[in-house]
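Asker: Given next are the chains, with one letter for each unit.
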Amino acid sequence: AQSVTQLGSHVSVSEGALVLLRCNYSSSVPPYLFWYVQYPNQGLQLLLKYTSAATLVKGINGFEAEFKKSETSFHLTKPSAHMSDAAEYFCAVSVQGAQKLVFGQGTRLTINP
Amino acid sequence: EAGVAQSPRYKIIEKRQSVAFWCNPISGHATLYWYQQILGQGPKLLIQFQNNGVVDDSQLPKDRFSAERLKGVDSTLKIQPAKLEDSAVYLCASSFLIAGGRSGNEQFFGPGTRLTVL
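Those sequence lines, one after another, are chains A and B. Using my numbering, you'd call the opening residue of the first sequence number 1 and step up by one each time. Using my numbering, you'd call the opening residue of the second sequence number 1001 and step up by one each time.
A portion of the hints provided could be inaccurate.
[Claimed, not checked] To give an idea of the chain B side of the interface with chain A (calculated C-beta under 7 Å), a few residues:
no., residue
1, 1109
2, 1112
3, 1115
4, 1117
Worth flagging that the hints you see were computed from the coordinates, not collected in a lab. Built from N, CA and C at the ideal position, the CB exists for glycine as well.
The shape of chain A in the complex, shown without the other chains (with noise of 0.2 Å):
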């Protein structure tokens, strides 16, 4: 089966600061991982996805997320962090043949001013 593991439930940065969302996933065939976003009573919309071409992929609003298979990892980077980045992320893993995803516990980002 497969999981994601996403370390830290609250990062805070200030603004212009680099941003590093954590995310860990578990699984026993090659799998596609995906970064969502959700802002305050909206529903998901997807920041970027590895479906197996590049490594390094990158997304909307200037984030981009590196697929590293020996570290087991997809953390998701921006390198300048705006207040309109202020949300939660979530990442997700699914695999070929089976096309639900399967959620982290979400990392709240907050950016101070």
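For this one, chain A is given, so just place chain B on it according to the hints.
Answerer: Relative to the frame of chain A, chain B by itself:
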């Protein structure tokens, strides 16, 4: 392109009452999902439909939860009777199934229905 529509957005009921949620997916999306998101947790899949057939309902509490997608388009999720622990946001999502069933397809989420059971 219109997104995934859900109604109602908010619902408050007493325990042991019944409640139903409605979802209309993006036009042309064959696959529809219902997730339960408890406060402070990630979404958990309840049921997955492909057209009007159930693909996965392994985590659906079938003694009280039911869902249908009769015409392969919109869907209804029902809880009867509700318990306090059912308080959560219920998210509907849809995706376009590429021929061959490759995973990695993006799921598009609706705004959710926030259920409070008193």
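Asker: With reference to the structure, classify each hint as holding or not holding.
Answerer: Taking the hints in turn, this is what the structure says about them:
Here the hint on residue 1109 of chain B is kept, as its CB sits about 4 Å from the closest CB of chain A, short of 7 Å. A cut of 7 Å between beta carbons decides the hint on residue 1112 of chain B: the least distance to chain A is about 6 Å, and the hint holds. For residue 1115 of chain B, the suggested interface contact is broken, since its CB lies about 14 Å from the closest CB of chain A, more than 7 Å. A distance limit of 7 Å between C-beta atoms decides the matter here; for residue 1117 of chain B the minimum to chain A is near 19 Å, and the interface restraint is violated.
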